[in-house]
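**Q** So the chains spell out like this:
Number of protein chains: 2
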Amino acid sequence: MASAAGKKVAMVIANNFEDSEAIDPKNHLESLGAEVVLIAAAPGAFNGKKGGSLTAERTFADVDPAEFDMLVIPGGGAPENLRIHKPAVEFTRAFVQSGKPVGSICHGPQLLISAKVLNGRTVTAVNKIGDDIVNAGGNYVDEALVIDGNLITSRVPGDLPVFNEALGKALIG
Amino acid sequence: MASAAGKKVAMVIANNFEDSEAIDPKNHLESLGAEVVLIAAAPGAFNGKKGGSLTAERTFADVDPAEFDMLVIPGGGAPENLRIHKPAVEFTRAFVQSGKPVGSICHGPQLLISAKVLNGRTVTAVNKIGDDIVNAGGNYVDEALVIDGNLITSRVPGDLPVFNEALGKALIG
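Chains as they are written, first to last, in this note's numbering: chain A, 104 to 276; chain B, 104 to 276.
Treat the hints with care, as some may be off.
No distinction is drawn between identical chains; accordingly, a pair holds when it is met within one copy or between any pair of copies.
Unchecked claim - Subject to a maximum C-alpha distance of 27 Å in a straight line, what follows is the list of computed DSS-like cross-link-like pairs (lysine-lysine):
1) K110 <-> K231
2) K231 <-> K153
3) K153 <-> K203
4) K111 <-> K231
5) K219 <-> K153
6) K153 <-> K110
7) K272 <-> K189
8) K189 <-> K203
9) K219 <-> K203
If you are wondering where the hints come from, they were derived from the structure by calculation, not from laboratory data.
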């Protein structure tokens, strides 16, 4: 079996993250051998919307996209909290522009919208933000998994099996 | 004191509404003598994000904008639930286009974005959706109260005193 040993994944979190959309990809990528680094606006513990908790080891102020092989943006209320934090927006923009794989699920594209990287890109997301994706110049489609270049997107927790598999494949390359 | 007796207000709700942003304007407008009618995608009780509950007496399928003198859109997670319900979007579009006053607070403009009525309009909202308002052609400003023609907007529960006062004035005329 292929391994992601030595690969480093940036996962961005904030309060009100959708628990399974953070924890499941984290566990999956770690099971493949990758290191998953949680990044937030400040160090410390953040609450999931369903009662879970994750602790961020790093902040946007002290990371460089060059350190990482992949970016993962879980959904819930976290993306709208991250999109108003300028260093998170700049990190996300630089990461997408680097061409390295970026996974986004549910409300994750709210952060991509604020990073101004969706123009001409095809993505999926929770249907509640479809109009915002279109207004940002993106092409919104309602599918379990969409891969457009380095953007890997899914809609809801029910899509996690195909989302996780796609993240693993993109990371191992 | 001026009275809003005989005036009828449409308040649109869905699950995860911000409790105070629905209940405070409802109480204020009723105290002025208005009738506030709760409208939802289906009849029944809906849960506020902070534990409250409101019961919708009417649905979008059985209302006409001509029945009402004002529309109020509370925030929280309700607007993103309403914006994917086509009859709610059509009701909102017709109401804004009627020229009658429309109050929106917090995430309320998500429904206005999907109703495609923000082009060229100046509004405020919770800052988390500012980029989406701009991408919809609106002018987003960060102020406690913004009045642009028939659009009356505020940001957060802390703005409710000025929001409620502006709604009352607009209703009494």
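**Q** Determine which of the earlier numbered hints do not hold for this structure and return their numbers in increasing order.
**A** 1, 3, 4, 5, 6 and 7
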